[in-house]
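Enquirer: Sequence:
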Amino acid sequence: MTSPTTPPGRPGPSGSTEPETLPGTDTAQTLRPRVTCRRCHRPLHDPESRMLRLGPECRDPAERVARYDVDQEPLPGVG
1 MTSPTTPPGR PGPSGSTEPE TLPGTDTAQT LRPRVTCRRC HRPLHDPESR MLRLGPECRD
61 PAERVARYDV DQEPLPGVG
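Residue numbers for the sequence shown follow UniProt numbering, beginning at 1 and rising by one.
None of these hints come from the bench; they were simulated from the model. Computed from a predicted structure; not experimentally measured. Among the clues, some could well be false.
Estimated spans, in silico, between C-beta atoms of each pair [to be verified]:
(1) D46 <-> E20: 32 to 38 angstroms
(2) P47 <-> E20: 27 to 33 angstroms
(3) V78 <-> R32: 56 to 62 angstroms
(4) T25 <-> P47: 19 to 25 angstroms
(5) P74 <-> R38: 41 to 47 angstroms
(6) R59 <-> E20: 40 to 46 angstroms
Beta carbons are placed, not taken as given, at the ideal position from N, Cα and C, and that holds for glycine.
Let's have the full structure, built from the sequences with the hints guiding it.
Expert: Below you can see the structure in the form of structure tokens.
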């Protein structure tokens, strides 16, 4: 009794050495659209970064400038 499968390395019924795909599993091999960071314009690869359109470095909060309050005399007539 012979098996209906083709041994590895031998051409299949269609003449190619590639394994045949199952019916109904054909998926289009399309490239993902290029997504770049909104701030630095680098390409993004991480799914979360692609969704937010911000890379991990650009997502961190920016360093805030220290607030410097000046002591002043109140304005005359104000409160």
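Enquirer: All hints are to be evaluated individually against the structure, with a verdict given for each.
Expert: Against the structure, the hints come out as follows:
Between D46 and E20 the beta carbon distance is about 35 angstroms. The supplied range of 32 to 38 angstroms therefore holds. Taken as a hint, the range 27 to 33 angstroms holds for the pair P47 and E20, whose Cβ atoms sit roughly 32 angstroms apart. With their beta carbons about 60 angstroms apart, V78 and R32 fall inside the hinted range of 56 to 62 angstroms. In this structure the hint that T25 and P47 lie 19 to 25 angstroms apart at CB holds, the actual value being about 23 angstroms.
Taken as a hint, the range 41 to 47 angstroms holds for the pair P74 and R38, whose Cβ atoms sit roughly 44 angstroms apart. Separation of R59 from E20 is about 45 angstroms and conforms to the stated range, judged on CB atoms against 40 to 46 angstroms.
Hint compliance for this structure: every hint is met.
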